[in-house]
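Engineer: The lines below spell out each chain.
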Amino acid sequence: MTHYPPNTVRDLLKTDQVTDATRQVLTERLDAPSHPPTFFTVQECDLLQAICRRLIPQDDHTELVDIAGNIDERLSQQKSDGWRYDVMPADGDAYKLGLKAIDESALIRFGQPFRSLSTEQQDILLGAVQKNEAPGQIWQQLPADRFFEELLTEAAENYYSHPLAQEEIGYVGMADVPGWQRIGLNQLEDREPTL
Amino acid sequence: MKTYSTTETVDAVIIGTGAGGAPLLARLAKAGLSVVALEAGKHWNPARDFATDEKAQEKLFWNDERLSAGNDPLPFGSNNSGTGVGGSTLHYTAYTPRAQPDDFQLHTDFGVGVDWPIGFDQIEPYYEEVEQFLGVSGPSAYPWGPSRKRSYALGPLPVNGAGQLMERGCKAVGIKTSPAANAALSAGYYQEGVGHRHACTNRGFCQAGCNIGAKASMDVTYLPLAVHFGAEIRPECFVTQLVKSASGTISEVVYVHNGQEVRQRCRYVFLCAGTIETARLLLLNGLANSSGQVGRNVMAHPGLQIWGEFDEDVRPYKGIPGALISEDTHRPKQADFAGGYLLQSIGVMPVTYMTQMARGRGLWGQELKRAALAYNHVAGINILGDCLPHDHNYLELSDENDIRGLPKPRIYFTNGENEKRMTAHADKIMRDIWTAAGARNIWAFQRNAHVIGTCRMGNDPETAVVNANGQSFDIPNLYISDNSTFPSALSVNPALTIMAVALRTADKFLSNAGRNPQSAL
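Chains as they are written, first to last, in the numbering used here: chain A, 6 to 200; chain B, 69 to 589.
Just chain A, with the same shape it has in the complex (with noise of 0.2 Å):
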């Protein structure tokens, strides 16, 4: 499977094939700038960007979502998404303590903070943390297979919001000012380009 060819959405958004509402997220979203840390310090930041580049690889094109860094923005905004496990601190202390035990675990297992592992070892620790299988103290405050679980769920969610992230899946949902006719199986608009 193939992405779909650069700029699709890019050249949707300029269509009054999108709404108005939608074309001003998504471009907020695209020209979306960084932001310095608010929430954690730059050390916990980069660490969080380091993970999340484990969870979600961008290394095929420029990287697309600063996902640590919107992270960051909603821990300083104290947003929830209207549920917490019960078994977990309030996500920001989850956050925090995360961060920290898996520099722990980095060090326990590997001699050195997780940052300065390779992939490899990085992708071996994260699976250890998965699975609830990363040794340390701190996890001993904080179920680490809920840690990860939450963790990953929210960079995803981060990842695939971005249009970009969109077009190289092959979605152009958000142009639906038409309406879709064409919705049975193999059947497609002009506007939905062949994988």
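Each hint should be verified, as a subset may be incorrect.
[As the list claims (entries may be wrong)] Below 20 Å or equal to it, Euclidean Cα-Cα: the simulated DMTMM-like pairs (lysine to aspartate or glutamate) are: (1) B:K437 <-> A:E125; (2) B:K123 <-> A:D64; (3) B:K437 <-> A:D16; (4) B:K123 <-> A:D71; (5) B:K110 <-> A:D86; (6) B:K127 <-> A:D86.
None of these hints come from the bench; they were simulated from the model.
Could you slot chain B onto chain A? The hints should help.
Structural biologist: Then chain B, alone, in the frame of chain A:
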């Protein structure tokens, strides 16, 4: 819109404008009562405010944090919650199957759970009324349940790729299917007091807000009707207190609007804030709980989803998400569980699908990126099944406060043996269907959807919070009309039944006391 002063005593205050509050508000207004609806969320203009973007539409969810406990913690936010004028109908799928008669008597038939104090016969006329008013689209002959006295208002909506695949798979394994009943318009529709509504354009974004008014959310149906008959709707009013008078009735509702506390005197209160907020408000105020049942009996439909990848181009973002239905599994033969479930096809918006793959499959790194590239070829099928009330599933107030300074609710949920057996039964059937339809890389997403219960309706004040008419056993001028009063979960999506029961509650109230509310107190 007519407005009322906070210095006057209105006949009724309705708390919440979703499927439980909106139809009732319209009914009371039509009867000539002075009625005010208080809604915690904003009043949106969908054409202007709703983007075709999942992240931007998070504003439709109840995002004050809830604590999810138990072995199968319930997600809230995008699921099981809503805010804004119209409540969670702003982002419901508008799937509107009727419950079947046996859904209301689970205890009689299986010896587990409880029966409803009212039966299908008493709800059926209201089903018909709601379907006609909303303009429900559906098949001319629906294959399951009692024969319909009146056909659906409009013909069925077109079947999308996921629906075609389910049809193909079900045919191969011998399961009957039908286009689903859906409260989105398959043709333009006109109703007195509401006006003209546009036909559905197959935008596929029902679960993040319809921007053309084709989907029958309350803000484009019962609420304009209520305003037409003289109701006032006050958005961004968060109710904190129900004030009890010396006579034991509620005399005043206290709410916060723009940071200011406001008081509205009233003769009757209708609490329609949904399973979580209705129970939370009663517990916060220590009201209507002589039975000790407020917050108990939390239920949530087993909602297992099976996903697969197909050779065909599916484009799962087009068309109503749940185009096809089967109720062949309503009471499966030789089942090792009570009750049953329905099957439905599912399309999906991209961010929802990706986050489910992250959370449910645990995919990350290149594996997630690769799986994501199959998005245009994925389709799903899922169930909605009955859920029994269990002692271990309940809501309580925690000692942690939310951003409003009120205790967060903590909701315990663990699937019982019956739900586990039903889910295992459905897992096998759905995998068979998807395999027969030609799916590859089949995977399951475990979930429970539609939180129900906490203020059970019943005949016995010892074991129920409200009577069959929705009236509190403890406080005669307090009524509840929402999914909190359901004694059992039913094996269908709840919205249609919530609306039907709301109209019945309004009619019972009007015939018992409401014709002359002042003399009734």
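Engineer: Tell me, in ascending order, the numbers of any earlier hints that this structure violates.
Structural biologist: Hints 2 and 3 contradicted; others consistent.
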